[in-house]
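Numbered by mature numbering (1 follows the signal peptide of the UniProt record, and there is no 0), the letters in the sequence shown go through residues -30 to -1, 1 to 129 in order.
Hints listed in this document are in silico derivations from the structure and should not be mistaken for laboratory results.
Ideal Cβ placement from N, Cα and C applies to all residues, glycine included.
Be aware that one or more of the hints could be misleading.
Label pairs and their in silico Cβ distance ranges [to be verified]:
| id | residue 1 | residue 2 | range |
| --- | --- | --- | --- |
| 1 | Ala46 | Asp91 | 29 to 35 Å |
| 2 | Ser123 | Ser81 | 16 to 22 Å |
| 3 | Pro58 | Gly17 | 40 to 46 Å |
| 4 | Thr57 | Pro20 | 30 to 36 Å |
| 5 | Arg70 | Val42 | 19 to 25 Å |
| 6 | Ala82 | Asp19 | 29 to 35 Å |
| 7 | Ser106 | Pro20 | 17 to 23 Å |
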Amino acid sequence: MITRPQTRQASLIRTLIVPCLVGIAGSAAAADDGDLDWLAGHWKSGGDDPVIEEIWTDDAGGLLLGLNRTQVGGQAVAFEFLRIERTPTGSRYCAQPGGRPATCFDLTTLSASSARFENPDNDFPQIIEYRRDGRSLTATIADLSGEQAMVFSWERVGD
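Full structure from sequences and hints, please.
Structure follows, in structure tokens:
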């Protein structure tokens, strides 16, 4: 049998302590996401054909916006809307190839110059990884086994 003091105590825990713990957990997850501003800028592939560009904004309000454009023979043949957004459970990368509905990947690893996102339920890719080395940026998309992989490399345009 629950007595009245126990009921009040349980109510106090539910109204005061649990929200604080949830807030602390959410803050810790966001802090662990770190800084992704190293991705910001205009990036362009080295060759003449195809020309692949990726442009990323700075993080503002927990959101980085990106755009990928591929040109062949001076004609745009593909585009993709991109975003990296912070959520209460961590950051995620969402891609919309050709403007289609987004497929999202959870941030699994982050360093001062790289980020890895995974979605094991997606057919391909299941991994998207960005690495920056000075004025160079590389993106690798792969399956979880690493057997299927594609690598894209860009150089920074401008400052």
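Against which earlier hints does the structure fall short, listed by number upward?
-> none
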